[in-house]
Amino acid sequence: EEKTWGPTFLQFDIGMYTSSGGDLAFVIYAKHTSSWVNPLGGQWRNEVQLGYGNRLVSSFYQPLDVGHLWFVEPRVLAQQTLEDFYLDGERLSRYSYADFGGGVDFGRNFGSLLQMTAGYTWLRRSVNRDTGLELFPESTRTETLLGFNATLDSRDNRFSPTKGIASVLEYTRSDRSLGSELDWERLEFGVGAAIPVRGDVIWTTAAAGTDLGSDLPIDRQYTLGGIASFPGFELDELRGDQYWTVSGSYL
Numbered sequence: 149e150e151k152t153w154g155p156t157f158l159q160f161d162i163g164m165y166t167s168s169g170g171d172l173a174f175v176i177y178a179k180h181t182s183s184w185v186n187p188l189g190g191q192w193r194n195e196v197q198l199g200y201g202n203r204l205v206s207s208f209y210q211p212l213d214v215g216h217l218w219f220v221e222p223r224v225l226a227q228q229t230l231e232d233f234y235l236d237g238e239r240l241s242r243y244s245y246a247d248f249g250g251g252v253d254f255g256r257n258f259g260s261l262l263q264m265t266a267g268y269t270w271l272r273r274s275v276n277r278d279t280g281l282e283l284f285p286e287s288t289r290t291e292t293l294l295g296f297n298a299t300l301d302s303r304d305n306r307f308s309p310t311k312g313i314a315s316v317l318e319y320t321r322s323d324r325s326l327g328s329e330l331d332w333e334r335l336e337f338g339v340g341a342a343i344p345v346r347g348d349v350i351w352t353t354a355a356a357g358t359d360l361g362s363d364l365p366i367d368r369q370y371t372l373g374g375i376a377s378f379p380g381f382e383l384d385e386l387r388g389d390q391y392w393t394v395s396g397s398y399l
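To convert, count from 1 in the sequence shown and add 148; that's my numbering.
Fair warning: there could be bad hints in the mix.
Claimed, not checked - Simulated crosslink set (DMTMM-like; lysine to aspartate or glutamate; CA at most 25 Å straight-line):
#: 1; residue 1: K179; residue 2: E221
#: 2; residue 1: K311; residue 2: D301
#: 3; residue 1: K311; residue 2: D348
#: 4; residue 1: K179; residue 2: E318
#: 5; residue 1: K179; residue 2: D161
#: 6; residue 1: K179; residue 2: D301
#: 7; residue 1: K179; residue 2: D304
#: 8; residue 1: K179; residue 2: D247
#: 9; residue 1: K179; residue 2: D253
#: 10; residue 1: K311; residue 2: E336
#: 11; residue 1: K179; residue 2: E195
These aren't lab readings, by the way, just hints derived from the structure by calculation.
Turn these sequences into a full structure, and let the hints guide you.
Have a look at this one:
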């Protein structure tokens, strides 16, 4: 008789970031997955992150057919993030963003390489000054968000790829007609490719984001800086309504 339940997986990670300005940040991350909890292969997924950013997410991934082509994934979340604001390399202020809410995604898998989702999210968002100057007013608002996401990953190894590409397209819209207090849009795309060159591998990346001519609130602007984008700048030192970047490195 076929089992109607599967194994439970636990994953742990820890990260640390230091900057030339003397900042030190760390995060502790844990993920729990209960697999195959019903005959169609549903999964209960939970994520916890503590440290520089705090995050708690619980979702239920439910395939809608035996071939696992279509799925639905409702979720609830609570998270808190910190962002610094700079002027000419000097940090002026640090703000805290707290989100509480939930949503649901509907999606389709195209083989093992491509996944597309469309979803709805309701959030209660609080923006508060943590330290430094008051650069903009503190606030609490409701956001109802429509989103689309497409992810393609053909890398032969997630952490040390020797060939393949990974790309993500994300679109988010906040709309007053759905209950949001502000109207804005974001469209962001990123792609990375592992290119073999004479026994070595060059990892090249390109990314871009735009507000599509909308009026992004300052707490929804794009930020760059730090080891993941521009190591010569502090984390979140660069910000704006649009950006693009291209980079390459040897693996």
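Hint check:
no. : hint        : result
1   : K179 - E221 : holds, 16 Å
2   : K311 - D301 : holds, 11 Å
3   : K311 - D348 : holds, 11 Å
4   : K179 - E318 : holds, 23 Å
5   : K179 - D161 : holds, 9 Å
6   : K179 - D301 : holds, 21 Å
7   : K179 - D304 : holds, 23 Å
8   : K179 - D247 : holds, 20 Å
9   : K179 - D253 : holds, 20 Å
10  : K311 - E336 : holds, 24 Å
11  : K179 - E195 : holds, 4 Å
Going down the numbered hints, you'll see the structure goes against none, and every one checks out.
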